[in-house]
Amino acid sequence: GQNIDQPTEMTATEGAIVQINCTYQTSGFNGLFWYQQHAGEAPTFLSYNVLDGLEEKGRFSSFLSRSKGYSYLLLKELQMKDSASYLCAVPHNQGGKLIFGQGTELSVKP
Amino acid sequence: DARVTQTPRHKVTEMGQEVTMRCQPILGHNTVFWYRQTMMQGLELLAYFRNRAPLDDSGMPKDRFSAEMPDATLATLKIQPSEPRDSAVYFCASGWGGLGSEAFFGQGTRLTVV
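First to last, the protein sequences are chains L and Y.
Residue numbers for the first sequence follow the working numbering, beginning at 12 and rising by one.
Residue numbers for the second sequence follow the working numbering, beginning at 124 and rising by one.
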């Protein structure tokens, strides 16, 4: 089965950098997703990693280490609108059964 | 623009009543997921379909929940009878189903059972 661990909440300052960690245990690996969810809204896709290393996409980057069962989401130049829950998710198998972590609630303060 | 559509957006019902939630996946997507989200449990997968066939509904309480896809444009999640502990936001999501394919979420149905 799958087990996904993320910190429950984090606080950071506008303009700063924050790193949100995710550790996972899974039987078979088919990549790792990060989603963003604003309060009262649906989750939206941020990134997908299947190979080790850092994937950069504007202010957001996602890192994966398959040997360590570890990923992080890096948010740079934080803005108030980045206050949201960030969810780490792994597929149970190829293309199916996407299992989510509990999410990390990020609060960005002025 | 293409999006997953869920109805109703909000539902308040009395305990014991039947509740039906509907989802229209994005045209062409072959995988549909139903999730339930609560503060305590986070996003839990209830069921998912591939090409309209149920692949896994192990996350769903079988005695009261049922999920179907009558056709490629409609997925339904039914609760009968509903209980207060079913109060949650229910999300439908759809995707292409291949490796690395993201799931696109609908806006959710906020269900309150009193």
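Rather than coming from a laboratory, the hints here were simulated on the basis of the structure.
Certain hints may be false.
Here are the simulated lysine-lysine pairs, DSSO-like style, with alpha carbons at most 27 Å apart [what the hints assert, rightly or not]:
1) L/K79 <-> L/K92
2) L/K108 <-> L/K87
3) L/K108 <-> L/K120
4) Y/K185 <-> L/K108
5) L/K79 <-> Y/K201
6) L/K79 <-> L/K120
Partial selection, computed: residues in chain L whose CB lies under 10 Å from chain Y [as the list claims (entries may be wrong)]:
7) N41
8) G42
9) Y46
10) Q48
11) A53
12) P54
13) T55
14) V61
15) G64
16) L65
17) G69
18) F74
19) S76
20) P102
21) H103
22) F111
Pulled from the structure, derived: some chain L residues nowhere near chain Y, Cβ distances all over 12 Å [claimed, not checked]:
23) A23
24) E25
25) Q30
26) T37
27) S58
28) N60
29) D63
30) R77
31) D93
32) S96
33) K120
Just so it is clear, CB atoms sit at the ideal spot from N, CA and C, and this is done for glycine as well.
Now for the hints, and whether the structure bears them out:
1. L/K79 <-> L/K92: 31 Å, violated
2. L/K108 <-> L/K87: Distance ~31 Å between L/K108 and L/K87 Cα, so the pair is violated.
3. L/K108 <-> L/K120: Given pair L/K108, L/K120 is violated - Cα atoms ~35 Å apart, limit 27 Å.
4. Y/K185 <-> L/K108: 18 Å, holds
5. L/K79 <-> Y/K201: 41 Å, violated
6. L/K79 <-> L/K120: 32 Å, violated
7. N41: 6 Å, holds
8. G42: 5 Å, holds
9. Y46: With a closest approach of 8 Å, the L/Y46 hint holds.
10. Q48: 9 Å, holds
11. A53: Hint on L/A53: holds, closest Cβ of chain Y at ~4 Å, below 10 Å.
12. P54: Cβ of L/P54 sits 5 Å from chain Y, so the hint holds.
13. T55: At about 7 Å, which falls below the 10 Å cut-off, the nearest Cβ of chain Y leaves the hint on L/T55 intact, so it holds.
14. V61: 6 Å, holds
15. G64: 15 Å, violated
16. L65: 17 Å, violated
17. G69: With Cβ-Cβ at 17 Å, over 10 Å, it is violated.
18. F74: This hint is violated: L/F74 lies away from chain Y, its Cβ roughly 17 Å from the closest one there, beyond 10 Å.
19. S76: 18 Å, violated
20. P102: Because about 8 Å separates L/P102 from the closest Cβ in chain Y, which is inside the 10 Å limit, the hint holds.
21. H103: L/H103 check passes; min Cβ-Cβ to chain Y is 8 Å, inside 10 Å.
22. F111: Since chain Y brings a Cβ to about 4 Å from L/F111, closer than 10 Å, the hint holds.
23. A23: 22 Å, holds
24. E25: Correct as stated: the minimum Cβ-Cβ distance to chain Y is 26 Å, above 12 Å.
25. Q30: Non-interface label stands for L/Q30: nearest chain Y Cβ at 21 Å, farther than 12 Å.
26. T37: At roughly 14 Å from the nearest Cβ of chain Y, L/T37 sits farther out than 12 Å, so the non-interface label holds.
27. S58: About 9 Å separates L/S58 from the closest Cβ of chain Y, which leaves it inside 12 Å; violated.
28. N60: 9 Å, violated
29. D63: 15 Å, holds
30. R77: 14 Å, holds
31. D93: 19 Å, holds
32. S96: The assertion about L/S96 is violated, with a minimum of 9 Å to chain Y.
33. K120: The assertion about L/K120 holds, with a minimum of 22 Å to chain Y.
The structure is inconsistent with the numbered hints 1, 2, 3, 5, 6, 15, 16, 17, 18, 19, 27, 28 and 32, although it conforms to all the rest.
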